[in-house]
Structures are given as structure tokens and as C-alpha cells.
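*Asks:* Protein sequence lines correspond, in order, to chains A and B.
Using the working numbering, read the first sequence as starting at 1 and increasing by one per residue.
Using the working numbering, read the second sequence as starting at 360 and increasing by one per residue.
Misleading hints may appear alongside valid ones.
[To be verified] Here are the simulated DMTMM-like pairs of lysine to aspartate or glutamate, each with C-alpha atoms no more than 20 Å apart in a straight line:
no., chain 1, residue 1, chain 2, residue 2
1, A, 126, A, 340
2, A, 104, B, 406
3, A, 178, A, 107
4, A, 357, A, 229
5, A, 315, B, 404
6, B, 674, A, 107
7, B, 575, A, 262
8, A, 216, B, 466
9, A, 122, A, 107
10, A, 323, B, 406
11, A, 104, B, 640
12, B, 575, A, 107
13, B, 682, A, 45
14, A, 110, B, 579
15, B, 463, A, 220
16, A, 250, A, 107
17, A, 103, B, 540
18, A, 315, B, 387
19, A, 356, A, 288
20, B, 463, A, 277
21, A, 110, A, 217
22, B, 485, B, 473
23, A, 104, B, 540
24, A, 323, B, 579
25, A, 267, A, 157
26, A, 208, A, 181
27, A, 110, B, 576
28, A, 216, B, 387
29, A, 104, B, 588
30, B, 674, A, 28
31, A, 103, B, 576
32, B, 716, B, 699
33, A, 253, A, 270
34, A, 250, A, 340
35, B, 682, A, 47
Hints listed in this document are in silico derivations from the structure and should not be mistaken for laboratory results.
Number of protein chains: 2
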Amino acid sequence: MSRVINFSPGPATLPLSVLEEVRDELIDFRGSGMSLLEHSHRGKDYEAVHNAANADLRELLSIPDTHTVLWMQGGATGQFAFVPMSFLGGGVADYVNTGSWSKKAFESAKFYGEPRWAGTGKEGDKFVRAPMTLDLSADAKYVHLTSNATIMGIQYDAFPDVGDKPLVADMSSDLLWKPLDVSKFALIYAGAQKNLGPAGVTLVIARKDFIEQGAKDFPEIFQYRYIAENDSLQNTPPTFAIYMVGKVLKWVKANGGAAGMEARNRKKGELLYGLIDAHPEFFRCPVEQGSRSVMNAVFRLPTEELEAQFLAETKAAGMVNLKGHRSVGGVRVSMYNAMEPENVAKLVEFMDAFRKKHG
Amino acid sequence: MSRVINFSPGPATLPLSVLEEVRDELIDFRGSGMSLLEHSHRGKDYEAVHNAANADLRELLSIPDTHTVLWMQGGATGQFAFVPMSFLGGGVADYVNTGSWSKKAFESAKFYGEPRWAGTGKEGDKFVRAPMTLDLSADAKYVHLTSNATIMGIQYDAFPDVGDKPLVADMSSDLLWKPLDVSKFALIYAGAQKNLGPAGVTLVIARKDFIEQGAKDFPEIFQYRYIAENDSLQNTPPTFAIYMVGKVLKWVKANGGAAGMEARNRKKGELLYGLIDAHPEFFRCPVEQGSRSVMNAVFRLPTEELEAQFLAETKAAGMVNLKGHRSVGGVRVSMYNAMEPENVAKLVEFMDAFRKKHG
Chain A
1 MSRVINFSPG
11 PATLPLSVLE
21 EVRDELIDFR
31 GSGMSLLEHS
41 HRGKDYEAVH
51 NAANADLREL
61 LSIPDTHTVL
71 WMQGGATGQF
81 AFVPMSFLGG
91 GVADYVNTGS
101 WSKKAFESAK
111 FYGEPRWAGT
121 GKEGDKFVRA
131 PMTLDLSADA
141 KYVHLTSNAT
151 IMGIQYDAFP
161 DVGDKPLVAD
171 MSSDLLWKPL
181 DVSKFALIYA
191 GAQKNLGPAG
201 VTLVIARKDF
211 IEQGAKDFPE
221 IFQYRYIAEN
231 DSLQNTPPTF
241 AIYMVGKVLK
251 WVKANGGAAG
261 MEARNRKKGE
271 LLYGLIDAHP
281 EFFRCPVEQG
291 SRSVMNAVFR
301 LPTEELEAQF
311 LAETKAAGMV
321 NLKGHRSVGG
331 VRVSMYNAME
341 PENVAKLVEF
351 MDAFRKKHG
Chain B
360 MSRVINFSPG
370 PATLPLSVLE
380 EVRDELIDFR
390 GSGMSLLEHS
400 HRGKDYEAVH
410 NAANADLREL
420 LSIPDTHTVL
430 WMQGGATGQF
440 AFVPMSFLGG
450 GVADYVNTGS
460 WSKKAFESAK
470 FYGEPRWAGT
480 GKEGDKFVRA
490 PMTLDLSADA
500 KYVHLTSNAT
510 IMGIQYDAFP
520 DVGDKPLVAD
530 MSSDLLWKPL
540 DVSKFALIYA
550 GAQKNLGPAG
560 VTLVIARKDF
570 IEQGAKDFPE
580 IFQYRYIAEN
590 DSLQNTPPTF
600 AIYMVGKVLK
610 WVKANGGAAG
620 MEARNRKKGE
630 LLYGLIDAHP
640 EFFRCPVEQG
650 SRSVMNAVFR
660 LPTEELEAQF
670 LAETKAAGMV
680 NLKGHRSVGG
690 VRVSMYNAME
700 PENVAKLVEF
710 MDAFRKKHG
């Protein structure tokens, strides 16, 4: 069938041009007589892919020399464990609560010390904001936050000031949605499958002197230091996933870089939230202005019956995966970097017509 | 260029028909209007892929109901840590030494208890066999061995008797090379990138009552039990890698199943070792008869100069990645399931001509 508009929260839509390139070189990678999938991670062909992905990410985010880039496996859920394993050491860490993902990170940290909540976006029974005022503890080993909460539709635009505490951020769903001052972070991690590529690789950007201090009382494969020393080649990396992230990075470069992404994403956000704000009696977004996610917009319609009808009709119109997470219901519009603004415009037009009919 | 014959030790050659299928459906997966790479792991399209891969692996290896199949990340190196983390608990475990990979597994286990060597394939300064006689300790929590040592070219054909001790095997480079009595193993793990598919996914076959006993004093993401309970969908799995393993499994089924693979592999081994044994003065294989790997044959030529010349000439003839591991030198012929017997025959013909010229 023709290409659908895929609002999936992840794995998510990819640039069509990237998929076409992958298809075209799938059997014979750049004249090497074999697929990239068959290339040794120790060979020069893969090495070029690996190094280009590193260099392009560094360039796109202006990553300073103080920071290193790692390509890991296991997703954000793996990082929920690796971070406290390396840096908690029985001590205290400050976590910021913006919903399910922060809670999972918090629960995982309990095995290695005493995480505490330094802030919450919850008000009553709902998460409504990305908290900027935090109650930091003097002895916290680090402060952990989730830059974008995919389920709750809450995103940090600016980040809270944590003084000289190492700031650790799960940016799985919005890394590279706009320019970022990487120097403010001790460690950033991001599963690739939302904003950066396919499932199967986790990007880490870490301050070198921070990971150098990490604990050593567990196997090297869990130590950021060791992975950095080996340029992520200590064992076989997920070569194809890294190759695809590399292609997505080239696509970002060709589309204005991080600033270009921000312009695209702001435009999508304005289109969607513009309609929501114009008709708050029909489209109810629980999230406060200023904390609304440009990556995942969540809203409710007047009744669950209308929500079911909306999901059925959008699907019939070729706009899929708009159902909200099972824990919150309603509608969720995921519109990561690769989502074309014109597709969001199409959805917004549909939403407005739906409102006129049923509002 | 035309397709080369790729003897890479991993990531390794894949069936051309599998690559062609992947290419043909890369943009539009089975009429869904999007790529498999863009499908949510919670959707029905991916679910069908996931379930088929599970079912096909179970069928191909006649996996009994006592055992479960898991799809993990992190490679064998991750498993080197996960196994002792779950099952060692400060106690003793028996490890069998067949070279670099067993040593890495052993070193990793030290963080969780007291691994000891229960057997070694080393004689003098070389690894020469897969030891069948083991010195097991009464209190070992498990026995760990590497079924095929890719660097040393040593493989278990039959396995040693470990009585009622749980047997754990790293089968990263030979799972499914022939039929297997899975019931003899408490846990099998295998990075996919040699015999089963691309890099980025690790298969685990585990006895349910064994993993049920695993420790719980660390995050759930490292607990086999938890992954089993969630059918490997506790977080986003490496969907594309699992999809490709699924395609390779279909290819195995279409080529006679595990018995068909054994026939192919035995044929390749006989061709190669037949020539080596006929001319032991020219082709020196350090490994004893009975322990020679059918997956990775290693041998030396009379001089390092001849080895360099051999590698250059084979490469020029379109046969690549034949260089032995940097730690042992010489020549290594990796010929996993997907390597066509006719390609090994071509190499053997070349080897014999080379011998006639230089012997």
C-alpha cells in the first residue's frame, strides 16, 4: 500500500530518503561486494561508518572535547541500571519525577543506593509539568531527569539549574530535537528508536572526567570508562543500527542541522497546540503551557466514544498509531524529527473537521 | 562489484536470499505502508515477526516445554556478566577453558563469586582440544563452557557429562550448526552475528526452573526471569535484528533444518580438513582431531611470508576476511551455516594450487 503517516511513539517513522538509501545499498555496501550487515566490526568499511556517525553527532550537537560519545545496547532501561551502578555507590541521588520513565529509573537506582525525589511534575493525580524548581540534597551524587516524558507529553525546553551537581538526562525521545548545550550535562543517554534511528542502539554522551570516576567493582562491559577507552568496540556493536543512525544524522545535516530540526519541530508544535488552545472545550491537554512536549502531544476528547471514533477515522485516512498510552488513554501525537510538518498539518486539519462535526 | 566470498568470523556472511527479501520489503513491510524498522514493538505486525522467530527456533532445535527462548541485547559479553549475576551468588562455578572467550567469561564471573577452572584445552602454550574430562567441584553452582572457540578453532561435537550440575554454554558461534539436545542445558546463550543473523541481538534458551531460581538483588532488566515473564518485550527489543534472525531461521527450515545444516557443515569441514590432513607439512592445524571446529578452521602455512601472500592472493580472487585473529596469526576460515559449500570448495581448490606452487 502507499506510505501511511505513522505517529508511532517508537520505534517511529524514519525519513523516507534514509530508508531508500538503506534499501539501495542493502546487498552491496558501497561496492564492497557484501552487505553492511555482513561486514566485520573490525574492518575498514564499518570503521568508516562508525567514525562518521561519531563525527556527525559531535558536529550537530557541538559536543565539546570534554565529552565522549558511546554507542551502547540495552536501551534507556539498561541505562537506568548502569548509571547508579557506576555513580551511586550506596549514596544519595536526586531524581525528578515526570511519570513512568522517571519512576523506572528511580526503582532501578534503589539497588545501588538511595535515590530520592527532588521534584515532581505531578499535581493531584496527573502529571502536568516539567518542574524547574528542585529540592536538591547537598550530598547527591547526581541529579537525574527525563528531558521528554513520552507517555505524559511533558518536555523540558530549558533545564533547571543544578549548580555543580552532575546532571544526568534520559533524552531517549528528544535528543537532537534542537540545539543543546552539552556542557551542562555530566551524562546524557538516549535509546535511538524515537528521534535518531531504529531500535537496538543507545547513544551516550558523557563528560570524560565524570565517567573516569565511575565504580569498578563490576564487569567492564557495564563501565562507561571501558566503553570509552574502546571507542564502543570492546565487543561487537549493533553495527546496522549505528549505520542507520549515521544516515539519520546525515539527513539532519542536510535539513539544517539542530537549528533546522528546531524550526521543523516548533512549527509542528504550533500547528497542533494552536488548534488545541483554540478549542480547549473539545481538545483537553492536561499539560501546562511551557511544559507541553513538542515530541509527543497528548490530549483527550469529550468522551471515550469520540476518542475511539477519532482513532478509527484517522486510521482509515492513513494516519496511524495515534492511540494514547494504555496508562493514560486518549490520543497521543508523536512527531519526532522525521515527522514531516505537512503530515502534522494534515492531522490538524482532520482534527478541526472532526471537532466541527462533533463539538 | 559482484558478491565476494566472505569468510568473516562475525558479523558474517548471510544467505543472499535473506538479504534480497529484506531489501524488497525494506520500505513497505508486508503492505503495512511503513518499514519494519518503523513498526512499534507493541503492534501486531511486529508481534507476528517476534512470535514466528520464537516458534521457528523452538521447532528447529526441538526445544522442550521446560525451556524458554529470550531475545536480549549486549552480546555474549553481556551474558558473561548476567549469568554469574543471577546464579553465582558468591559461590563457586566450574568454567572450562578453551581460550580467549572462556577467559573473558571467567574474569567477569569473579565479580560475583569464585569461578574455577574445571578443565582446559591448553597443552604447552597452545589450545589444542575441547576437553571432555572435567574436574568438577561438588559445590559448583553451574558448569560453563564455550561450545565453539572462534579464535582457537576448537569446537565441541559431543558435550562432557556434568551429572546433575546446571550446564551453561556460550554457543555464540555455533548454535544451530546441527541438531542439539537442549534438555541437557540449563542455559544457552548466543550472539546472533555469526551463525544466526546480524549483530545486535543475543538469543538465550533457558530452563524455566533454573532461571526461576536466579537472584533478585539487582535491576529486573538483568534478570532472566523478568525477561521471560515479559516475552522479551519488557522494553523495546532490537526489532530489526530479531526480524532478520527470523528470516535466517526460515532459510534454515527451507534448507533441511538443523539436520540439513549439519550435512552442509560436515561437508565443508571434510573438504577443508581433508586437504589439511593430506598435506600436514604445508597446512599446520594446531587442533587435535575430534576437537577441530567445523565453524572456524585455523591453520598456519610454512612461513609468515607465505601466509601474507596467501591472504593477498585469496583477496584478489574475491575470498576475503581469511586472516587469523591477531592473537594467534595464520589463516582462519569461518564457515558458518550461511557459507555455501561450493565456496569452501573454491577456497580448498585455491589452497591446493597454492600448496603445489609453494610446497
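*Asks:* Holds or violated: are the alpha carbons of residue 104 of chain A and residue 406 of chain B at most 20 Å from each other?
*Replies:* Roughly 24 Å separates the two Cα atoms, so the pair is violated.
*Asks:* Compare the distance between the alpha carbons of residue 485 of chain B and residue 473 of chain B with 20 Å, and conclude whether the hinted pair is satisfied.
*Replies:* violated (25 Å)
*Asks:* Is it true that the CA of residue 674 of chain B sits at most 20 Å from the CA of residue 107 of chain A?
*Replies:* The given pair, whose Cα atoms are some 53 Å apart, is violated under the 20 Å limit.
*Asks:* Does the structure keep residue 315 of chain A and residue 387 of chain B at a Cα separation of 20 Å or less?
*Replies:* The hint holds at about 17 Å.
*Asks:* Can the restraint linking residue 110 of chain A and residue 579 of chain B be considered satisfied, given a maximum Cα separation of 20 Å?
*Replies:* holds (12 Å)
*Asks:* Do the alpha carbons of residue 267 of chain A and residue 157 of chain A lie within 20 Å of each other, as the hint requires?
*Replies:* Cα-Cα ~15 Å, so holds.
*Asks:* Would you mind confirming whether the straight-line C-alpha gap from residue 110 of chain A to residue 217 of chain A stays at or under 20 Å?
*Replies:* holds (17 Å)
*Asks:* Could you grab the alpha-carbon distance between residue 315 of chain A and residue 404 of chain B and see if it respects the 20 Å cut-off?
*Replies:* The hint holds at about 15 Å.
*Asks:* Keeping to a limit of 20 Å between CA atoms, is the pair of residue 126 of chain A and residue 340 of chain A held or broken?
*Replies:* Not OK: residue 126 of chain A and residue 340 of chain A at ~30 Å, beyond 20 Å, violated.
*Asks:* Are the Cα positions of residue 216 of chain A and residue 466 of chain B separated by 20 Å at most?
*Replies:* Holds: residue 216 of chain A and residue 466 of chain B sit about 13 Å apart, inside 20 Å.
*Asks:* Regarding the pair residue 323 of chain A and residue 406 of chain B, is the alpha-carbon distance no greater than 20 Å?
*Replies:* holds (17 Å)
*Asks:* For the pair we were handed, residue 103 of chain A and residue 540 of chain B, check the Cα-Cα distance against 20 Å.
*Replies:* Not satisfied, since the Cα-Cα distance of roughly 42 Å exceeds 20 Å.
The structure does not agree with the numbered hints 1, 2, 3, 4, 6, 7, 11, 16, 17, 19, 20, 22, 23, 24, 28, 32, 33 stated previously, though it agrees with the rest.
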